[in-house]
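**Q** Residue numbers (our numbering), protein chains in the order written: chain A, 1 to 224; chain B, 225 to 517; chain C, 518 to 930.
Be careful, since some hints might not be right.
Heads up, incomplete: computed chain B residues facing chain A, CB under 10 Å, no partners named [said to hold, decoys possible]:
no., residue
1, L242
2, N246
3, S248
4, N272
5, T299
6, K300
7, V311
8, Q312
9, A314
10, Y325
For each label pair, taking beta carbons as the anchor points, the in silico distance ranges come out as [claimed, not checked]:
no., chain 1, residue 1, chain 2, residue 2, range
11, C, D840, A, V124, 51 to 59 Å
12, A, W12, B, F329, 15 to 23 Å
13, C, R624, A, L25, 50 to 58 Å
14, A, W12, C, S877, 53 to 61 Å
15, A, W12, C, S639, 30 to 38 Å
16, A, Y66, B, F329, 42 to 50 Å
17, A, V124, C, Q641, 47 to 55 Å
18, B, Y237, C, S877, 40 to 48 Å
19, B, D508, C, Y901, 48 to 56 Å
To be clear, the hints were calculated from the coordinates, so they are not data collected in a lab. All figures in this text were calculated on a predicted structure; none of them were measured in a lab. Built from N, CA and C at the ideal position, the CB exists for glycine as well.
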Amino acid sequence: MNLFRALSYKEWMKTRRLIGVMLLLMAAAVGYTYIDLTHAIRLNEAVNVWYGCLFQGTSVAPWMMYLLLLAGIALGVVQYVPEMTQKRLKLTLHLPAGETQIMASMLWYGFSVILLLCLLLSLVLSAVVRLFLPSEIVGMMLQQLLPWIVAAVAGYGFTAWICIEPQWKQRMLCIVVSVGLLSMLFVSSYPGAYSQFGAGIGWILAASFIFPFSSCIRFKYGVQ
Amino acid sequence: MSKIIKCENITHYYGNRLIYENLSFDVEQGKVLGLLGKNGTGKTTIINILNGYLKPRSGVCRLFGEEMEHLSPFTKSKVGLLLEGHVQHAYFTVSQIEKFYSAFFPKWKKEAYYELLKKLQVLPSQKLSTMSCGQRSQVALGLLFAQDPELLILDDFSMGLDPGYRRLFVEYLREYASAENKTVFLTSHIIQDMELLIDDCMIMDYGRLLLHKPVKEIMHHFKRYRFTRPGDTFKLEADEDFWHPSALGDKWEVYSFLPKAEVEQRLKEMGVTEITEENLSLEDAFIGLTGKY
Amino acid sequence: MKYKSLIFSIILMSVTLLASWTVPALVQKMTDDSHSYPLMYYSARLKELCVIDFREHKNSFYDIHGNEYPRAQYDSLLPLLNYRQLAMEGQLPDSLEGQAIDVKILRSKQVMFRFRPVDIFSPQPAMGVLLEAMPKRGNLTLPGDYFRMDRELTFVDAQSNSVNRQKSEAFTKELIKKGFSFPVKAYWGNPTVRKPYEEGYFCLDSKGALFHLKMVNGRPFVKDTGIGSQLDIKWFVMSETSDKRFYGYLFGEKGEMGLLESTDEGGYRFLPFDIRPVDITKDEISILGNLLYWTVRISDAEGMDCYGLDAVTLQSLSSYHQDRKRVLWDELSEWLFPFRLSPSSETSFFVNLYVGNLSSKGLAVSFFLALLTFFLCRNKVSLYRRILMALCVCAAGLSGIVALLFLPWNKYE
Chain A
1 MNLFRALSYK EWMKTRRLIG VMLLLMAAAV GYTYIDLTHA IRLNEAVNVW YGCLFQGTSV
61 APWMMYLLLL AGIALGVVQY VPEMTQKRLK LTLHLPAGET QIMASMLWYG FSVILLLCLL
121 LSLVLSAVVR LFLPSEIVGM MLQQLLPWIV AAVAGYGFTA WICIEPQWKQ RMLCIVVSVG
181 LLSMLFVSSY PGAYSQFGAG IGWILAASFI FPFSSCIRFK YGVQ
Chain B
225 MSKIIKCENI THYYGNRLIY ENLSFDVEQG KVLGLLGKNG TGKTTIINIL NGYLKPRSGV
285 CRLFGEEMEH LSPFTKSKVG LLLEGHVQHA YFTVSQIEKF YSAFFPKWKK EAYYELLKKL
345 QVLPSQKLST MSCGQRSQVA LGLLFAQDPE LLILDDFSMG LDPGYRRLFV EYLREYASAE
405 NKTVFLTSHI IQDMELLIDD CMIMDYGRLL LHKPVKEIMH HFKRYRFTRP GDTFKLEADE
465 DFWHPSALGD KWEVYSFLPK AEVEQRLKEM GVTEITEENL SLEDAFIGLT GKY
Chain C
518 MKYKSLIFSI ILMSVTLLAS WTVPALVQKM TDDSHSYPLM YYSARLKELC VIDFREHKNS
578 FYDIHGNEYP RAQYDSLLPL LNYRQLAMEG QLPDSLEGQA IDVKILRSKQ VMFRFRPVDI
638 FSPQPAMGVL LEAMPKRGNL TLPGDYFRMD RELTFVDAQS NSVNRQKSEA FTKELIKKGF
698 SFPVKAYWGN PTVRKPYEEG YFCLDSKGAL FHLKMVNGRP FVKDTGIGSQ LDIKWFVMSE
758 TSDKRFYGYL FGEKGEMGLL ESTDEGGYRF LPFDIRPVDI TKDEISILGN LLYWTVRISD
818 AEGMDCYGLD AVTLQSLSSY HQDRKRVLWD ELSEWLFPFR LSPSSETSFF VNLYVGNLSS
878 KGLAVSFFLA LLTFFLCRNK VSLYRRILMA LCVCAAGLSG IVALLFLPWN KYE
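Next comes chain A alone, as it looks inside the complex:
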């Protein structure tokens, strides 16, 4: 825990600006949803807005698909690109602690941040949407968000994997694999389509946590 706290200070210094920007963007996104929803209700009447959501799969917050994934990738980039420029990761791994623990702490920090941001956003968005729409549609929205949140978290992990990988050729292959795994989360955007994908979500999340360690091992080996 102590190690996690100490390392989180460094990660926080790297990411605090981005986290601020993401919070602002998310606030803007929630604000936009509010305006968009009230506008739609004024123009089309609530009953028709509900109809679209319930029976036609109209999404309350479709842009979240990209926003969340981008947030995950951006966090990964901001956290690990400075580690890789001038191979600063050597300094980090040289800290008096186990390398596995150091790496795990850095990853946990990122996973926690992105997860907290997603949960916060889901919570605030749900509260706003609930003002105008029934709990069922809020539930559908959350179900729709689920694969996108998983993509954000996994996208972060895969970005770490790609960034830390020391060899360009292998980095390209990592990108291909990451895109492949992430694309499983974008096969369908219909609310509830991922309600049976528990095993797959577990697999992708586990992969996104474990894969960065392989890059770290290769970095330690001095692969070039």
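Please build the complex by placing chains B and C on the supplied structure of chain A, with the hints as guidance.
**A** Below, chains B and C without anything else, positioned relative to chain A:
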């Protein structure tokens, strides 16, 4: 005296290019060892291997008796590392980076860090990324002093420093090493600085270790001899005693560890009548040992 | 760093799984062909099922006994399929089998129905909407509220986003009064205003009884259909067709399929189709019906069964079976891949890890590939990795080989 660093039979290649074969050396406690070599002889590679950031094809290095690949946190806390170019986490300010590292070392000496920086007119709120290379080198050095490690590993500490900062760095380092019986392993491509600093000297050549001797021994015994060639057909080949003989017109020079009398004796047999002996700076000695090209 | 080998194995397995999705999917894209079956229709003239495939045979079609008919006779031999064309040409007969026909009658008796397993395996609407069954003006309109049905029936008003207590209580009370036992197992309706009339919802109660629920003049109309006692109901598809003969298609747990008909006395009747048992988790069903005959087609991964039924009794008059056409992809996939993984499925809307195309031939080939991998890589990687790699190739065949290309190969690691 205990051996702080012990490397055995290190062989490494980059692709098919041999860097060294069966390289073995060790560093005793309290010594300041300088690793010299021309560009591309694998100085940084050794530093990387020592710290476990490069796995050689074969061989093993031990720091405080532990294999480099699996250094325990305790051992890592006893090793201070300075990366090439004084790289540090540049997104911190001077005070933040001190705060960050202090959490990892129970015996952290905060005063040592601030004392050094006070002399340099660096503000605690200054961000590392906005600093000059010289200022950053002092921050890096300050952090090392605060960590108070038993072994310092410095990769090309003179890189990017102007003579003033270089001298400053060397002086602080020498003071620190001699006062506290610390072991230092360092590389530099500016050899002048090393003369003031190092006890032992390791000189790398392409693919091998050329020499590992105390600096004093080199300075005392390694000399340059100049002479005029006795005839047009005169030719001096390098051997284990004569290092890098070269000629400019009819003026010859050769380097050797042999005493003057012995050199005179050997050259007389070839018809050379008069030789002059010259004392060398470490830099000259380095060139004598490695050749100009 | 700890767990090196474990991490490598996890990456290798993950990439192999990923390749088991993407590689077969790409090969399929390159080699797949249409599996579609010909159009089947029971001809009122020939009194036989006809096989119509103008893509394959440009100028003729056949009956199921192989008798060939020229394309020129397509309209006249299948008058109930092509009545519009015949009417346009002024060729539509006045009567068929003693029944007077015209375009209006034929149109009202026309039935088109299509069912796919995806209809079941997809997220069902979270709420329902009960339209006024007897609107004051002719057309159907949305009532302004939606209902949720679980332990009671609750109407939520959209404009105020609040529960309409009065209406909810009235409907829940009426349901309970008529013997409905909450919680509801399932409810099926047709939530759209683009239909000729409203028949509300059919709701399956916790005891398996099927109730008819609609809103008439703002008040609840609830009736137990009594079908629940005759049939273990699995699924229902509401279909408000223009002749009001039936409410929709009922499916039983044991493969029964039939119509939920309205009787003249205002009651309900289950009229089964005289066809093979239907597995709605796998079978695709399509029905083309007219005044006199219904053509029912059921297809699954193996083949297609087609029936010509009497429109009134739904008794089979003729039937036909056709195996699924094998294309290059079927042949190739059998040899190349011992299995394939897919996040999507033809029979489900849900994303999942679907394992399919299991093949023993593919396993034999991949065993050979695995041996080859094992020996070809003997100087490149450590024995442990070599064994792992061979296992992956053995399990995934060609996909496994592709997966290996994505991993770092360095024996010094």
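**Q** Each hint should be assessed against the structure and marked as holding or not.
**A** Tested hints:
1. L242: For L242(B), the interface hint is violated, since the closest Cβ of chain A sits about 16 Å away, which is over 10 Å.
2. N246: 19 Å, violated
3. S248: 20 Å, violated
4. N272: Interface hint status for N272(B): holds (6 Å vs cutoff 10 Å).
5. T299: This interface hint holds because 8 Å falls under the 10 Å limit.
6. K300: With Cβ-Cβ at 4 Å, under 10 Å, it holds.
7. V311: Holds. Min distance 4 Å.
8. Q312: 7 Å, holds
9. A314: At 7 Å from the nearest chain A Cβ, A314(B) passes the 10 Å test, so the hint holds.
10. Y325: 8 Å, holds
11. D840(C) x V124(A): 51 to 59 Å: Holds, since D840(C) and V124(A) (Cβ atoms, about 56 Å apart) stay within the stated range.
12. W12(A) x F329(B): 15 to 23 Å: Hint holds: Cβ distance 20 Å, inside 15 to 23 Å.
13. R624(C) x L25(A): 50 to 58 Å: At roughly 55 Å between Cβ atoms, L25(A) and R624(C) fall inside 50 to 58 Å, so the hint holds.
14. W12(A) x S877(C): 53 to 61 Å: 56 Å, holds
15. W12(A) x S639(C): 30 to 38 Å: For S639(C) against W12(A), whose Cβ atoms are near 44 Å apart, the range 30 to 38 Å is violated.
16. Y66(A) x F329(B): 42 to 50 Å: Given range 42 to 50 Å: holds, Cβ gap about 43 Å.
17. V124(A) x Q641(C): 47 to 55 Å: At 28 Å between Cβs, range violated.
18. Y237(B) x S877(C): 40 to 48 Å: 46 Å Cβ-Cβ, so the 40 to 48 Å window holds.
19. D508(B) x Y901(C): 48 to 56 Å: 53 Å, holds
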